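From first to last, the protein sequence lines stand for chains F and S. My numbering runs 6 ahead of the 1-based position in the first sequence. My numbering runs 37 ahead of the 1-based position in the second sequence.
Rather than coming from a laboratory, the hints here were simulated on the basis of the structure. Computed from a predicted structure; not experimentally measured. Just to be clear, a hint being listed does not mean it is correct.
Only pairs whose alpha carbons sit at most 25 Å apart, straight line, appear in this in silico DMTMM-like list of lysine to aspartate or glutamate [as the list claims (entries may be wrong)]: (1) Lys187/S - Asp73/S; (2) Lys138/S - Glu45/F; (3) Lys138/S - Glu157/S; (4) Lys40/F - Asp215/S; (5) Lys40/F - Asp73/S.
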Amino acid sequence: MSEPVPQFAPGDRVRVLRRFPPGHVRTPWYCRGKPGEVERICGRYRNPEQLAYGNRDAEHQVLYRVRFASRVLWPDYEGNERDRVEIEIYEHWLAPEPGDTK
Amino acid sequence: MSGHESPGGHDHGHPHGHGHGEDPTHRHPPQPDLEDTPLARHQLMQMAVTSLLIEKGVFSAGEMRAQIEHMDTLGPARGAELVARAWVDDGFRERLVADSKSAAAELGMDLGPIPILVMENTPETHHLVVCTLCSCYPRFLLGLPPDWYKSRSYRSRAVREPRAVLAEFGTEIAPDTDLRVHDSTADMRYLVLPMRPAGTDGMSEAELAKLVTRDTLIGVTMPRAG
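In isolation and in its complexed conformation, chain S is listed as follows:
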């Protein structure tokens, strides 16, 4: 086989001229299917518990599918709505930081039973959220956590070398800015309230909300005016 050692990639037996040469037996390794990794014990338990719950009529397969679909469609819209309001209303911002549940209720939003602590970024202090033990995350406000948030490298390095991690996200924190890393280990969840970016003076609340992305609410980056 000549010259081409790509380990991943696509599986195809037909020659179409990207440097495979003439060897008709040449094959790329196939991409593994989802089921190709061995079934772990907890996956098996999850499948068993799921079928039991459906069999016992606790919920139906359709209800479970609908709930998964709903969870998959959640995004950071609610978190962005809270931040945009805080940017245009100082009183709301103070109430949001002091007691997010009652502040969110002003917007008709029920944050549920788990306390959400809102950490306000300032020119002096930058906040970053991690769950070193698993992947605790304010799903109601942000949707499902991204894969990197659940990765072992983010979970271990965000506390150990947060400035290096932030730099890898393209976020430079000034050396004299204090960093607060919040390890979401138990019964609280965290939302970073980023600073309103410069150049947004004339923007409406709805326009401001569009600047507030998921990652700005975790603290790995900051909103920009455009």
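So here's chain F without its partners, still in its complex pose:
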């Protein structure tokens, strides 16, 4: 089994794809299309979008924790401007965010 190599590293700026596929996905709606920063690489896990339909040999995906400013998720967020939401997101939902200097 070939292990996927992570395309992003902690600290990288990324943007969650703005996609709305049908079926079982584990990317919350509220972060789709939003920019964030990779907090850590969690490892490689079978793609839940395939597992959910009984595919035990689902492909492996790199899973990240991505950190979003709450004010970026919700412009009218009430709270500290440093408040964050951290979400587990699989690599096929992430794109590099232009402006990342790496």
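Please arrange chain S on chain F, whose structure you already have, making use of the hints.
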């Protein structure tokens, strides 16, 4: 019918003087039984799969009952044990935050195959855990999740207005304290490591563990000395 419009409550036909007046036909609406709501598709599927698994001898009805009983009796004791040790041993605390599985193994605890990420509260940062998609929860450490954790209102509001949610739990977070909300959407599970409360200097590890309740490990409240 006079004056008394309570929608819920008990069903009884006999007069016993709490303001029902004299109407002998008066009845409260009955409390619904568990089976009174229509059987949903997934409940039906669960029942079908259960009988198939028992029929095929994958497990017995008794084994399933015992497993449910076991799950129902799990509480936050293991989570509390980890936190109490972290409070008395700085080295353990650092190892727990860095790699909870190997730290827990020091206490003879096997955290299993799902990674548990331990989020340490500090005076500058408060952590809160939610699963907006369903009800992912570190059951081995905390037992079964409370109903509110699974509710749509907690799941949607914990990310959207966490400070308001915390205030409803009686927890005021200072405006300049940073909030980190962890949405447990995939393959990780989360445990909040609360701060050791003031006034606990002389306490033993076992006494400290008693201060660590389920809700302090989810992050909706903080431990108190008593």
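Now the hints, each set against the structure:
no. : hint                : result
1   : Lys187/S - Asp73/S  : holds, 22 Å
2   : Lys138/S - Glu45/F  : holds, 20 Å
3   : Lys138/S - Glu157/S : holds, 16 Å
4   : Lys40/F - Asp215/S  : holds, 21 Å
5   : Lys40/F - Asp73/S   : violated, 43 Å
The structure does not agree with numbered hint 5 stated previously, though it agrees with all others.
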